[in-house]
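Position chain B relative to chain A; hints supplied.
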Amino acid sequence: MAYEDYALLIDYKYCSNCHTCEVACKNHLQLTLGKEIDLAKTPGIVVLEYGPFHLEEGNPDAWDWKYIPTPTAMCDLCVDRLDAGKKPTCVHHCLANCMDYGPIEDMAKKALEIGHKVCIFKP
Amino acid sequence: MAMSREWRRENPDGSVTVRSCCWSPPGDHPVGCGMLLTVKDGKLIDVEGDPEHSITNGRLCIRALDLPEVVHSPSRIVYPMKRDPKDRGKDKWEQITWDEAFDLVCSKVNYMKENYGAESILVFGGTGREACIYYYPLGFSTLQTPNVCYAQSGWSCYGPRCSITDYILGAGYPEIDFAGYFEDRFNNPEFELPKYVVCWGKMPLASNGDGLFGHALIDMMKLGTKIIMIDPRITWLGAMEGNINLQIKPGTDAAIGLGLANVIITEGLQDQEWIDNWCFGWDEFKERCLEYTPEKVEEMTWAPAEQIRKVARMMAEKPVSIAWGLAVDQNPNGTQVGHITIALAAITGNIDIPGGLTLGPPSSLLGKWRMETRKDLAPELWDKRLGAKEYPALSNAMATTHPDFTLDVLETDQPYKIHMLWFNSSNLLAPTCSAAPIRWHDAFLRTDFNVVQDLFMTPTAMAAADVFLPLPTVAEHDGIVITHYGRNTVFLGAMNEALRVGETKSDVEICIEFGKRLNNAGPDGTSTWNMFEGDHRSEFVPNFFTNQTKPELGFDFDELRAIGLYQPGYDYRKYEKGLLRFDGEPGFNTVTGLVELYSTLFDAWGEDPLPYFEEPRWSPVSHPELADKYPLMMTSGSREYCSFHSEHRMFPTLRHFRQVPDIEIHPDTAAKYGIEEGDWVEVENPFGRARQKAHLVITIDPRVVHCRHGWWYPEQDGEEPNLFGVWKSNVNNLVPHFEIGRLGFGAPFKSVFCSIKKVDDLHGLEVKKSYDIIKEQAELNEQEGVEIQFTNLHTDHRII
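Chains as they are written, first to last, in our numbering: chain A, 1 to 123; chain B, 1001 to 1800.
Since the hints were made in silico from the structure, they are not lab data. For every residue, glycine included, the Cβ atom is placed at its ideal position computed from N, Cα and C. Just so you know, not all the hints are guaranteed correct.
As the list claims (entries may be wrong) - Okay, the calculated bits of chain B under chain A, using three or more residues with CB under 8 Å as the criterion: (1) 1063–1072; (2) 1696–1703.
Unchecked claim - If you want the ones that stay clear, here's a sample from chain A, every Cβ over 12 Å from chain B, calculated: (3) Glu4; (4) Asp5; (5) Thr70; (6) Met74; (7) Asp76; (8) Leu82; (9) Asp106; (10) Lys109; (11) Ile114.
What the hints assert, rightly or not - Covered stretches of chain A, going by a simulated chain B footprint (3 or more residues, C-beta under 8 Å): (12) 12–18; (13) 25–32; (14) 95–104.
Looking at chain B on its own, in the form it has when it is part of the complex:
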């Protein structure tokens, strides 16, 4: 059913109101909140939530409401700029025309290809922004390099969950059922309200992960759903009347999952018929789970055994949905967390049922101009993808390089040197998307030519860019919003251009315009990008989207604008109907055709085929020799309404809600260290230091502190060495490089040990050298004054 309002309307006062679905930039996930943008005399004067949008119903978050300030921010960059590479780190930018930018960048790209091979060009993508669906074609098809990188150590965001799902479940991303597929939402006769939604390492109200409109949980609570939070902190959501909390030690999620399964199995609460029909490896799985009694799991996780039993009994009911979060990914033990999470949904029969865990089909909707563009590369070039051979579990599911391996390559020039970097919407020094960001910083300075696409001057651009290509905001370009990037399409929305400030180009415009100029030809000799007709974005951009929507969905881009929001409906129990497998047979798209409680592929790749718990690698328990020095566990990464990771720090309205990053400390712990509310605190471990302001809360365990991620200070000096204060509060400096899971996924962003001490202010922090846990063990021992027990898990795959 199409929305009744026309998507573009002229108002009596001469202003124009354009309907749109919100994505980015600046950053956000593809939540597609419905909004009405009013423009007068070239200015965005009003943003109003669109009541016709059946998921957001007129509601908007403060990042969308603040768009007028974002669009017309005095610090925005709206013309292309260049800088002499010898002036990297200095504010010596020169405005250039787009013609100059095209000529300069294309000449460099062609030079690199001719002299060093296309693989010497590396494209970085960031997190969440729409660039997530364009940095692949930018690399594979526009620049024609096999090296596209998501730099976060262990690919620790979303990718691990998707890959584990591929191998264990053989489907697209599992999402909670919030009836988003249906125009009539919760009233749809096929939908059933979940009794419980388990938010596992995820607080969707603020994070809206990958297109899940977080406040749909509140909508469901009003109808009777209860929320179970598995989290190191008591959150406001968990503290709500009737909701349930499993407060755990950071990084021990796999143990909790195994303990929950243990209770379900020992109490005989599993859905045996479903297991017998649709699961592989039940006996082995059962035996493994029996090792993890609630009492044993309480020791590992600090969660009370009785509370584990209570939650397990709830999760054995139907329907129950599980919202699994970033904590699955940001953990070297995360492959096992993901495995046990899927297994819990499976053994309780909660997969693909109304109100349970919904599944996308195995191939992405509108995937043609993303991952499939890798086919533009000749096989011998594709074989040069960095880290692909070393980490097959990653490279089979993801089209990117291996991130940790990539940093090794940038530092050592082995097996070949990277000469050019292209940052497509990634400020990974700030960081969010990197561990050991100081090392990435130094590595960026070793290349010949770097391009950054962004809205603002970021620490990454100031440090490393030679050309800055400005992006239009979400209000200023045409595009699509697609939940889960097509891996589980709850809806598809049209993003419509309401105005354009300055001379900017969107991600898709950059792909097409550079693609046409570089005149690429794929292995079959045909040109890739010339097929999109027209010289102006108003022609080739709609044409680009129509080229995908028309064959797959039957409508063109202008029809999508008119519909406003396309909700496809949903087929429950697809596994019974042969809708999950390419051969049309019932079952799941896995090796065995079943949900693999015992993973045949993990086994083949040298990993334990069954889920298991591994104590966080750098904790007081795993390193008793350092336990006195670093007695606390640090977790990080929780989200706030006023920012998206490292973004939104330069807008006064949003900054009002968080002036500086805060470190959450239990009052008892703070008292022990002489720290009071509002004191500056330095948090430290063998790998790095950061300063944040103390906030004393009883909702965190006395043995844990929580730090904010993604902090830099746009108001400070942007030049080197300060770089907008990017090293002052940077908690990712406490996360070591290459401390990842056996299959190549997961790094300890949320679970490393630390010490805390009171300091005078934000300034004066001495940056710690980021020693490598394999290459610089002697230096680390000397720094810490003890013989550290190293595990050397990935030595075979390191470039020494």
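Okay, chain A solo, but in the shape it has when bound:
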């Protein structure tokens, strides 16, 4: 298939845990598979959390608390959307606009430009 070298980039320092990717993906999977998707059982992407960790006693501004959207086995790479010239639905709808999708070399380059707190998934 045409998108086998594609990857999902997440600038995760900006992920606000708005759950948009999860619900957008659910809608997409329901439309393409023609059946109900239960977010608790068969999600296509889930937002994982670490923290909050307080890094320095007495410093009210030293925290580490992140969310990382993670594609699951149900992720179908939004192939039909890509064929139609659209972005994957999670990337399209992300409220923090912190996701991107494309050839893995391009994503690696972009990750270097972003610099830190960025990850790339090859679902």
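Chain B in isolation, oriented as in the chain A frame:
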């Protein structure tokens, strides 16, 4: 520049895609997110974010993405219903036709008017939904009553901020500059990026207050803006790398503001030229602020003095924007919080500059069919508005009744009895929009006839309605989306009907159709609503909007649909150009023509003309006699992505993200009370009890707990006395009635003391009688077993 796509498009597979800007119902603020709704065979099959929308750029929240589930929810009510008033509280509804509904309701309205006067009809509006711009004309012009009520104690949402702005600043609502006015957004040459955005008692990412697209903050952070959070909790936004936190004791915002001003003044960081040109009362203001040293403020607020200094120095830079939130309103000391917030923006010269605090003009855009409809009422009828004489600071700025005064009237029938209630999109028992909701519940049952407009059977409708008029969702009707309800118009969007399920009528359709049937005539004898031509909504609704947009903006409703989103641009430094005053002179639309650091009007109304701090009225500090019993401070009201206040609890997709309400407790505090993660906890104070599930977090102070508001359980038994479990987790029961600020604004929704204890489960809560702090002091003393020190601030204005 118009959007390139046509607003309604037929697709090759026979489906139709309609472009729209999202508002409500179900609830949300007028954020107007661009969306494309695809309908096939009468079903909404897809919602996609509209990439052409220059503010949301294709992004959508989960409440919008879940619209197919909302629209086609099996529990939706899509036909009018009636119930015999003797069966209130029972699930004995009977479906009726709209003709029957019109006949029944109109006959009751006419009966009430003839027998008791139009003032015996009271209209309730809720929060956030588009009904916010229709419940005024519904009351003033369709039903022709002077009594339109926003029931939240102390009008504690938005109204106080707008009123304080009127008096202190003489302008429309001050909003942060996120370049929303411009089609080219952050690239607009006039725009400048704020160095700091102060989120004060506001977390806009989830709340999107009054049309501010919250994630615009993330967009600005990517460009270099830093966020300063003033909040009792460390939020994710505040915890982000580079952002700054002032974590304060709930309800002490006025002290923090005065402390920040103190640092700015003592370090000479103020913009003296701006103050000399545009501010009134600098010397008196300065003297007051000097009383609030950072060390003294640390004692009052628990925020470290050094952090107060650090934030003050940042806020003295330019440009800095302040997003002031609900915490300004939900506080009896909130008038002073609002005053000091505006003063901080003023003394640092950050008002109406690029990247600073933007201002709307003093009169609302498209206000004609809202507040101005009060002119349909004869002066002698307008004079009967409840609480208007007692609370002039409220009634001069707001067209409503005074909410606390209104509950007194409903309970006592003085100065006259209310016979009929109309709930326009308000489920205020759930609550969100009321303090002491048990008392409102009992008061609703004293009337003869009640009408509810909503999407679903709510606890309020089940308890009190005699007629239920179903609403169409946001996807199912034509309308407009206007930020700040016209008080600061960042944009205006068209909401377009993509489909309609069942037989429902939108708020504006109800105003017009009932208006025509009631054949009202204003004081000048002319009919009000017959001017909108046509018998079908597809004619009279666009006509209604065209009637407003054409004279003010030059385009009709169909042209707005074609444009998609109208962004008006922005005039910075309006005060220099004479654009803020009706007389066209430079300055501000206040009594003195200047920003009033010393308020001439507060002085005239018997309030301190300068900002001051008042310790929360029901805290361990203000009531040492109860401090051992209720040692913790409770705050509430923070928002989540999966719901809008009391709404969205019946949709499985959204409920997935929050099954039950959680109470946030610090692990050290939880350990002291033997509470573990996931335990059910009962939170209690002299006024009420509620149960929520423990969530242990280090982001809250050990002396504070945070509770969720607006919780009821649509899956539970809806009949009385359970009412969908509306009393089980209801934290507003812990907020007393009529504990408001001197001018009539603000109640302690976010700052009351409490105790916590572990309980077995959600059920088994014994509902506490909601004793009145003035009328039932003996009962309260007996209940608590001590002599409580009462302050009796509003005794003169109570109906005893």
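Violations among the numbered hints: Violated hint: only 11; rest satisfied.
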